[in-house]
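Just so you know, the protein sequences line up as chains Y and E, in that order.
For any residue, its number in the working numbering is found by taking its place in the first sequence, counting from 1, and adding 47.
For any residue, its number in the working numbering is found by taking its place in the second sequence, counting from 1, and adding 92.
What the hints contain is simulated information worked out from the structure, not anything from laboratory work.
Just so you know, not all the hints are guaranteed correct.
[What the hints assert, rightly or not] Within a straight-line C-alpha distance of at most 27 angstroms, the following computed DSS-like cross-link-like pairs (lysine-lysine) qualify:
| # | chain 1 | residue 1 | chain 2 | residue 2 |
| --- | --- | --- | --- | --- |
| 1 | Y | Lys56 | Y | Lys240 |
| 2 | E | Lys185 | Y | Lys112 |
| 3 | Y | Lys112 | Y | Lys60 |
| 4 | Y | Lys167 | Y | Lys112 |
| 5 | Y | Lys49 | Y | Lys60 |
| 6 | Y | Lys56 | Y | Lys238 |
| 7 | Y | Lys49 | Y | Lys167 |
| 8 | Y | Lys56 | Y | Lys207 |
| 9 | Y | Lys240 | E | Lys256 |
| 10 | Y | Lys239 | Y | Lys60 |
| 11 | E | Lys256 | Y | Lys238 |
| 12 | E | Lys185 | Y | Lys60 |
| 13 | Y | Lys207 | Y | Lys49 |
| 14 | Y | Lys167 | Y | Lys60 |
| 15 | Y | Lys106 | Y | Lys167 |
| 16 | Y | Lys167 | Y | Lys56 |
| 17 | Y | Lys112 | E | Lys184 |
| 18 | Y | Lys49 | Y | Lys106 |
| 19 | Y | Lys238 | Y | Lys49 |
| 20 | Y | Lys56 | E | Lys256 |
| 21 | Y | Lys239 | E | Lys184 |
No experiment lies behind these values; they were computed from the predicted model shown.
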Amino acid sequence: MKQLQNFTKGIIKENPVYILLLGLCPALGVTTSAINGLGMGLATTFVLLGSNIVVSLIKDLIPAKVRIPSFIVIIASFVTIVQLTMEAYLPDLFAALGLFIPLIVVNCLVLGRAEAFASKNTTMSSIIDALGMGLGFALALVLLGGLREILGTYSLFGFKFIPGDGLLVFVLAPGAFIGMAYLIVLFNYLKKKTT
Amino acid sequence: MEYFIIALGAILVSNIVFAQFLGICPYLGVSSRLSTAVGMAGAVMFVLTLATIVTFLIYTYILLPFEVTFLQTIVYILVISTLVQMVEIILKKVSPALFQALGIFLPLITTNCAILGVAILAVQNEFNLLQSVVFAISHGLGFALAISLFASIREHLDLMDVPKSMRGAPIALIVAGILAMAFMGFAGLV
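Make a model of the complete structure from these sequences and hints.
Here it is as structure tokens:
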């Protein structure tokens, strides 16, 4: 039961983007379409999963004083793995996400989970926590990306359902900020409803 | 002229906050008062310039000759964390008041994507050292411009009757969206 709660808390109650306001830069920067949001969400989930597993395994070996630098090195290694793999096998997605792939390393969400959860819990709970939080993050990005794609180009996942050009402003920078503002309001409402 | 174009592009056209979405965390976090916002902007500008110079030298003279450019992310983040630690120690000695005001956000400069982002962008654009310095300083100025504009608006926002559900982060993001729209007017300038 507790494990299930660890898994589902990331979706609404502690949604990393809309409730905890973590990882806003990639959430605003890459979500010009739903598919970009999904790609970024999955890449971050992989890094989160890898770093949570390693941190929870070696948490007793790391001296408390150098804990944060050690976590950062672990995270940076997984980011490099994602970066090289994506560049080799998914060059289109890599070009679309661009700078934000190496920037996963400074995503407060990843370091935050390593420090707040994985360094205090067992490996199994850390895996579940990483999957739940990663899912919440991916969901948040797909939602914002979907919203901007629907309003901006009248299409979803590249499938066009209304002819016409759409409201270009939603694909550009202002749409990211305004779309996210309303999604935060929505998630605050949902959180209040469910608790 | 070339440096002027780099600077203008970085400050106005592709503003670090409004067009590139870097450094959003401090942008939303320490912008409730103008005085702290200016302090934060100063700290970011200083670390940004220093980090870009150091990472540029490391990239050109260590990573490239030894053909280990794939280590870029790991090396950069370690260099930046060390620099931030240094700035923190110096600030604590030189200006305790500013240190108190910035509080928890100073260590957070490490996980500020603006610093790492600009350092990587400078290498990606294949700038030389002087161009990178101009690039970094103007990105810092762009951040300072964005955060001080935003902080002054937020000080006024406190006195406004904002709908309850929109208070805090949502209204701040809407303001940011409108500012971003204004900055879009600079597109095509360079």
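Status of the hints after comparison with the structure:
Between the alpha carbons of Lys56(Y) and Lys240(Y) the distance comes to roughly 14 angstroms, so the proposed pair stays at or under 27 angstroms and holds. Using a Cα cut-off of 27 angstroms, the hinted pair Lys185(E) and Lys112(Y) holds, with the two alpha carbons roughly 21 angstroms apart. Pair hint Lys112(Y) plus Lys60(Y) does not hold up; C-alpha atoms about 32 angstroms apart against a cutoff of 27 angstroms. Restraint check for Lys167(Y) and Lys112(Y): the C-alpha separation of about 15 angstroms stays at or below 27 angstroms, so the hint holds.
As the CA atoms of Lys49(Y) and Lys60(Y) are separated by approximately 15 angstroms, the hinted pair is consistent with the 27 angstroms bound. For the suggested pair Lys56(Y) and Lys238(Y), the alpha carbons sit about 11 angstroms apart, so the restraint of at most 27 angstroms is met. Between Lys49(Y) and Lys167(Y) the CA atoms are separated by roughly 16 angstroms; this keeps the pair inside 27 angstroms, and the hint holds. With a C-alpha separation of about 34 angstroms, the suggested pairing of Lys56(Y) with Lys207(Y) is violated against the 27 angstroms cut-off.
Between the alpha carbons of Lys240(Y) and Lys256(E) the distance comes to roughly 16 angstroms, so the proposed pair stays at or under 27 angstroms and holds. Note on Lys239(Y) and Lys60(Y): the hinted pairing holds, with a Cα-Cα distance of about 9 angstroms set against a maximum of 27 angstroms. Between the alpha carbons of Lys256(E) and Lys238(Y) the distance comes to roughly 15 angstroms, so the proposed pair stays at or under 27 angstroms and holds. A threshold of 27 angstroms between alpha carbons decides the hint, and for Lys185(E) with Lys60(Y) the separation of about 41 angstroms lies outside it, so the pair is violated.
Restraint check for Lys207(Y) and Lys49(Y): the C-alpha separation of about 42 angstroms exceeds 27 angstroms, so the hint is violated. Between Lys167(Y) and Lys60(Y), the direct Cα distance comes to roughly 21 angstroms. Compliance with the 27 angstroms bound is thereby established for this hinted pair. Of the supplied pair hints, the one linking Lys106(Y) and Lys167(Y) holds, its CA atoms being roughly 8 angstroms apart against a limit of 27 angstroms. A hinted pair counts as satisfied when its Cα atoms are at most 27 angstroms apart, and Lys167(Y) with Lys56(Y) qualifies at roughly 18 angstroms.
Our distance criterion of 27 angstroms between C-alpha atoms is met by Lys112(Y) and Lys184(E), whose separation comes to about 19 angstroms. With a C-alpha separation of about 22 angstroms, the suggested pairing of Lys49(Y) with Lys106(Y) holds against the 27 angstroms cut-off. Straight-line distance between C-alpha atoms of Lys238(Y) and Lys49(Y) comes to about 19 angstroms, which keeps the hinted pair within the 27 angstroms bound. For the hint pairing Lys56(Y) with Lys256(E), the CA-to-CA distance comes to about 25 angstroms; that is within 27 angstroms, so the pair holds.
Distance check on the hinted pair: Lys239(Y) and Lys184(E) sit about 41 angstroms apart at the alpha-carbon level, beyond 27 angstroms; violated.
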